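Novice: Chain by chain, the residues:
Number of protein chains: 2
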Amino acid sequence: MKVRIGIDIGGTNTKFGLISLDGTVLKRLRIATGSFDTFDDYITELISVAKSMVKKDDELVGIGIGAPNGNVHSGMIEFAPNMPWKTKLPVRDKIREAFDCPVELTNDANAAAMGEKIFGGAKEMNDFVVITLGTGVGSGIYINGKLAYGHDGFAGEIGHVITYPGGRLCGCGRRGCIEAYVNAKGILRTLTEEKYNYPESELGKIDEKSVTTKIISEYAEKGDKLALQVFEKTGEYIGLTLANSMVYTSPEAFFLFGGITKAGELLRKPIHHHMEANMLNIYQNKVKVLFSQLPEDDAAILGAAALV
Amino acid sequence: MKVRIGIDIGGTNTKFGLISLDGTVLKRLRIATGSFDTFDDYITELISVAKSMVKKDDELVGIGIGAPNGNVHSGMIEFAPNMPWKTKLPVRDKIREAFDCPVELTNDANAAAMGEKIFGGAKEMNDFVVITLGTGVGSGIYINGKLAYGHDGFAGEIGHVITYPGGRLCGCGRRGCIEAYVNAKGILRTLTEEKYNYPESELGKIDEKSVTTKIISEYAEKGDKLALQVFEKTGEYIGLTLANSMVYTSPEAFFLFGGITKAGELLRKPIHHHMEANMLNIYQNKVKVLFSQLPEDDAAILGAAALV
Chain A
857 MKVRIGIDIG GTNTKFGLIS LDGTVLKRLR IATGSFDTFD DYITELISVA
907 KSMVKKDDEL VGIGIGAPNG NVHSGMIEFA PNMPWKTKLP VRDKIREAFD
957 CPVELTNDAN AAAMGEKIFG GAKEMNDFVV ITLGTGVGSG IYINGKLAYG
1007 HDGFAGEIGH VITYPGGRLC GCGRRGCIEA YVNAKGILRT LTEEKYNYPE
1057 SELGKIDEKS VTTKIISEYA EKGDKLALQV FEKTGEYIGL TLANSMVYTS
1107 PEAFFLFGGI TKAGELLRKP IHHHMEANML NIYQNKVKVL FSQLPEDDAA
1157 ILGAAALV
Chain B
857 MKVRIGIDIG GTNTKFGLIS LDGTVLKRLR IATGSFDTFD DYITELISVA
907 KSMVKKDDEL VGIGIGAPNG NVHSGMIEFA PNMPWKTKLP VRDKIREAFD
957 CPVELTNDAN AAAMGEKIFG GAKEMNDFVV ITLGTGVGSG IYINGKLAYG
1007 HDGFAGEIGH VITYPGGRLC GCGRRGCIEA YVNAKGILRT LTEEKYNYPE
1057 SELGKIDEKS VTTKIISEYA EKGDKLALQV FEKTGEYIGL TLANSMVYTS
1107 PEAFFLFGGI TKAGELLRKP IHHHMEANML NIYQNKVKVL FSQLPEDDAA
1157 ILGAAALV
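Protein chains in written order, with the working numbering: chain A, 857 to 1164; chain B, 857 to 1164.
Quick caveat, the hints were computed from the structure, so don't treat them as lab data.
Just so we're clear, the structure is a prediction, and the values are computed from it rather than from any experiment.
Incorrect hints may have been included.
Since copy identity is lost for identical chains, a pair holds within one copy or between any two.
Stated by the list, open to error - SDA-like, lysine to any residue: derived pairs with alpha carbons at most 25 Å apart: (1) K1118 x T880; (2) K1081 x V1164; (3) K1078 x A954; (4) K979 x G1001; (5) K1125 x G1079; (6) K1061 x H1129; (7) K871 x K1118; (8) K944 x E1108.
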């Protein structure tokens, strides 16, 4: 049968999926990205694993790769802070040499957007934005039915819009980027800022180092006021970001993608409220705020496979 | 010969241009938008003026209209604050009824971007943004060689990105929009804020009501420190806006459009400096900051004509 391979490269793990044309994941594999001494060793093993997935009577129609700082034009991972090798890594061309089918690479947020378009909730949409919320914050932007790569291939890094000038220090070295407010660390930082306002909170008594967004969700569901306030503030930050993003490309929907979306309405409701409250009048009550409709565990490999 | 008509509708004047296919303006006319009692009277006169421009042996290939809050999908001017009639005005369809050629309408910033693409400095570019600086601040965004209208036809209102949360009150009723800092009034407000820091300035001694951006330019050229500081701050505001805009669509160039661009390098230099200073590292030293290359007096009608 006709199959694609989707590869999701992360700083910790590299995940492989063998995927049928209708989006069924037939086989999954993973290797530890950090366990290789050199990039050459890593890419050799990656190629060998990918080859091992395809059976004799399968027809491999393409390989798609999603990666942090992946550039669609160059096919390289460029200076990704979370990768073990922080130079330009010619991933696409190395894989092309080893296979007889189309091979494409892009960044993980763009791959998520393509996955949403091909296999998820955006099949009928021409203008939408997928926002990825995780260690980093990014986006994949569809306009006129096509993904926006921009002139240099790096369009969509909305985690690094300076939303609060002079605000929190971001991992990129600048101040006020929205990523510093709503990535996993940023949400914990909001908790630290707010805990003194909620001295009764049980959540506030837990050692900060062991708190995760999952734990905050659990306390919020029990009505813990600090936990609810953390979601309120996070919703305020993301809501303002969406209201500002609306102005650029006026999408039909924003799709939220990433582990934190497990919090469901706890997160979506304050986002939607603050988005509308900050929206220019001509855009009010027009755009949907949805969760990604890709199955979470397979979203990244499905997105990568959607590239080809 | 084959001709187009470009119509630039403004709250004060409506300008008409008869334009050859290579972009030469063959004839210009204008009427006062505000001099009509009703929208029906206005549109009747508009159609009559447009008809009078075309000679018997001309072949009219299309009419393009640029207008504030013009919506390409509906063909209407929708709730434009500066128009005498603040409802939905079905301009495109009224004109279509009167002519036998394609008629299209969009907002003035989108028209400026199309003019730049067809007749100006962006002929060879697929990804670029035109920023219009005037009474309002807007943009027209090209991505993948096409103008971004968004799902509702209103993409590009970047004057209303909330860049300084809680900041200056904007005409739209919200706070912190960049328009409140860099439109004509916003620049004068910067002057008012700064004048007490420059007690020696000659510019600071002029009655504020008679100051214009042209006067500020003249003082800046003579070395007046207050005038230079107004350009420095305006450059800071616009520069941050461009750095933030870069993240969405990563254009090859930003084109600055509008009367204030007559200030030339006085304005462009601080914009470029602050844009690079606020730019995420992967975008640094990539994007050009240029002035519109459309002839200023005819830019709006050329842009409108580029629609068809």
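Novice: A separate judgement is required for each hint: does it hold in the structure or not?
Specialist: Here's how the hints hold up against the structure:
For the identical chains of this complex, K1118 and T880 are intra-copy neighbours only, at 22 Å inside a copy versus 59 Å across copies, given an alpha-carbon limit of 25 Å. In this assembly of identical chains, K1081 and V1164 lie within 25 Å of each other by CA distance neither inside one copy nor across copies; the values are 47 Å within and 57 Å between. In this homomeric assembly, K1078 and A954 never come within 25 Å of each other (Cα to Cα): the closest approach is 53 Å inside a single copy and 65 Å across copies. For the homomeric pair K979 and G1001, the shortest alpha-carbon distances inside one copy (10 Å) and between copies (23 Å) are both at most 25 Å.
When the C-alpha separation of K1125 and G1079 is checked against a cutoff of 25 Å, the pair qualifies only within one copy, where the shortest distance is 15 Å, while the shortest distance between copies is 53 Å. For the identical chains of this complex, K1061 and H1129 are neighbours neither inside a copy (29 Å) nor across copies (47 Å), given an alpha-carbon limit of 25 Å. With identical chains, the CA atoms of K871 and K1118 are at most 25 Å apart within one copy only, with a shortest distance of 21 Å there and 55 Å across copies. Taking CA atoms no more than 25 Å apart as the test, K944 paired with E1108 passes between copies only; the shortest distance there is 22 Å, against 35 Å inside one copy.
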